[in-house]
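A.B. asks: Line by line, the protein sequences give chains A and B. Residues in the first sequence are numbered from 27 upward in steps of one, following my numbering. Residues in the second sequence are numbered from 565 upward in steps of one, following my numbering.
One should not assume that every hint holds.
Here are the simulated lysine-lysine pairs, DSS-like style, with alpha carbons at most 27 angstroms apart [claimed, not checked]:
#  : chain 1 : residue 1 : chain 2 : residue 2
1  : A       : K71       : A       : K103
2  : A       : K186      : A       : K147
3  : A       : K186      : B       : K567
4  : B       : K567      : A       : K161
5  : A       : K41       : B       : K567
6  : A       : K192      : A       : K177
7  : A       : K177      : B       : K567
8  : A       : K192      : B       : K567
9  : A       : K193      : B       : K567
10 : A       : K188      : B       : K567
11 : A       : K193      : A       : K147
12 : A       : K38       : B       : K567
Hints in this document: simulated from the structure, not taken from any laboratory. Small disclaimer: the values here were computed from a predicted structure and weren't measured.
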Amino acid sequence: MNQQETTDLFNKIVKDYSERLYWHVRDMVGSHDDANDLLQEIFIKIWTALPSFRGDAQLFTWAHRIATNETLNFLRKKKIRSVLSFEKISGAEERIADDPYFNGGEAERLLVTALNKLPPKQRAVFSMRYYDDMKYEDIAQIMNCSVSSLKASYHIAYMKIKDELKKFSTDF
Amino acid sequence: MNKRPYNTPDGYFDFLQMRLSEIPLQQQTESVPEVKVSRWAKVAPYFALVACFMAILVTGRYVINKTIAPAEPAASENYLTMENLYGADLVPYTSQYALFDENYYEEAAYMNEVSEEDIINYLIDTNMPLSYIGMALMQY
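Throw the hints in and build the complete structure from the sequences for me.
C.D. replies: Shown next, in the form of structure tokens:
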């Protein structure tokens, strides 16, 4: 792949998938500002790795995998930073209350709160399945795991969210 | 597909695509061309280091030789000096009077000769008892 072909392919990824990748990252990090910063890093990674793209995976799956890994790294580093600096990470409810771009109703607020309480990998799996309606096979490729373990992971996430929503419904 | 309960700033995705499309250009300008380093350039610092070390050694040696007095010659050097002696240097010392007076040795022998009378006078001077003087004369 020469320089021009690489640039064309990169521009195609930006044009076709940047919005979907933004939402994927936003689901995982929960804030527009973090997603915006992280997306720049993700696309730099995509540009760097593009010459080694062999075409044996779908371009969208490949780009999604890079985005997922980068986002998981970001969340891990954020957690370590907060532990080292004794800084408390704001809770799921506080994050939604402080988010100026949240425009859902009460049911969505409860769902997003429950979603934000999940571990990052389960959150990513649930978001891709629930919001993007992606196939298990595609999600398994992105998460680099088998379909059966992915289904198990999704089921656990689903049960946790259900339990959280039940808790909220008994509170009202 | 379920709708997410978020929105973004107005025109965000247009801005995002424009910003992301600039990445190839930014990365190309940021990448530094690889500079080829010759083999000599790699080893030159080591040669310079060795040269500096040698220069310090030579200078130090020179300064020490110039400023500190030579040490006492070693025993082996003394031996070498002895080798350079001539036979005449080994002749016993001769009195300078002997060179000009042919009777010097005869007179010296006379002067060194001790007579019986000298002995008796010496013993009398040292208050020696007569019995001891008699015994000494018998032995002489």
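A.B. asks: Hint check: A:K188 vs B:K567, CA-CA at most 27 angstroms. Holds or violated?
C.D. replies: 19 angstroms, holds
A.B. asks: Against the 27 angstroms threshold, does the CA-CA distance of A:K38 and B:K567 hold or violate the hint?
C.D. replies: Answer holds: A:K38 to B:K567 is near 25 angstroms, not above 27 angstroms.
A.B. asks: Between B:K567 and A:K161, is the straight-line Cα distance small enough, at 27 angstroms or below?
C.D. replies: 17 angstroms, holds
A.B. asks: CA of A:K186 to CA of B:K567, is that 27 angstroms or under?
C.D. replies: 21 angstroms, holds
A.B. asks: Check whether the Cα positions of A:K193 and B:K567 lie no farther apart than 27 angstroms.
C.D. replies: 24 angstroms, holds
A.B. asks: Taking only the CA atoms, is the gap from A:K41 to B:K567 under or equal to 27 angstroms?
C.D. replies: Roughly 21 angstroms between the alpha carbons, so the hint for A:K41 and B:K567 holds.
A.B. asks: Given the hinted pair A:K192 and A:K177, is their alpha-carbon gap at most 27 angstroms?
C.D. replies: 22 angstroms, holds
A.B. asks: Run the distance test for A:K177 versus B:K567: straight-line Cα separation, threshold 27 angstroms.
C.D. replies: It holds: about 22 angstroms lies between the C-alpha atoms, which stays within 27 angstroms.
A.B. asks: Given the hint that A:K186 pairs with A:K147, test it: the Cα-Cα distance must not exceed 27 angstroms.
C.D. replies: 13 angstroms, holds
A.B. asks: A:K192 and B:K567 were given as a pair; does the straight-line alpha-carbon distance stay at or below 27 angstroms?
C.D. replies: With Cα atoms ~22 angstroms apart, A:K192 and B:K567 stay inside 27 angstroms; holds.
A.B. asks: Take the C-alpha atoms of A:K71 and A:K103, compute the straight-line distance between them, and say whether it is at most 27 angstroms.
C.D. replies: This hinted pair holds, its Cα atoms lying about 17 angstroms apart.
A.B. asks: Would the hint linking A:K193 and A:K147 be met if the CA-CA limit is 27 angstroms?
C.D. replies: OK: A:K193 and A:K147 at ~23 angstroms, within 27 angstroms.
In terms of the numbered hints stated before, the structure departs from none.
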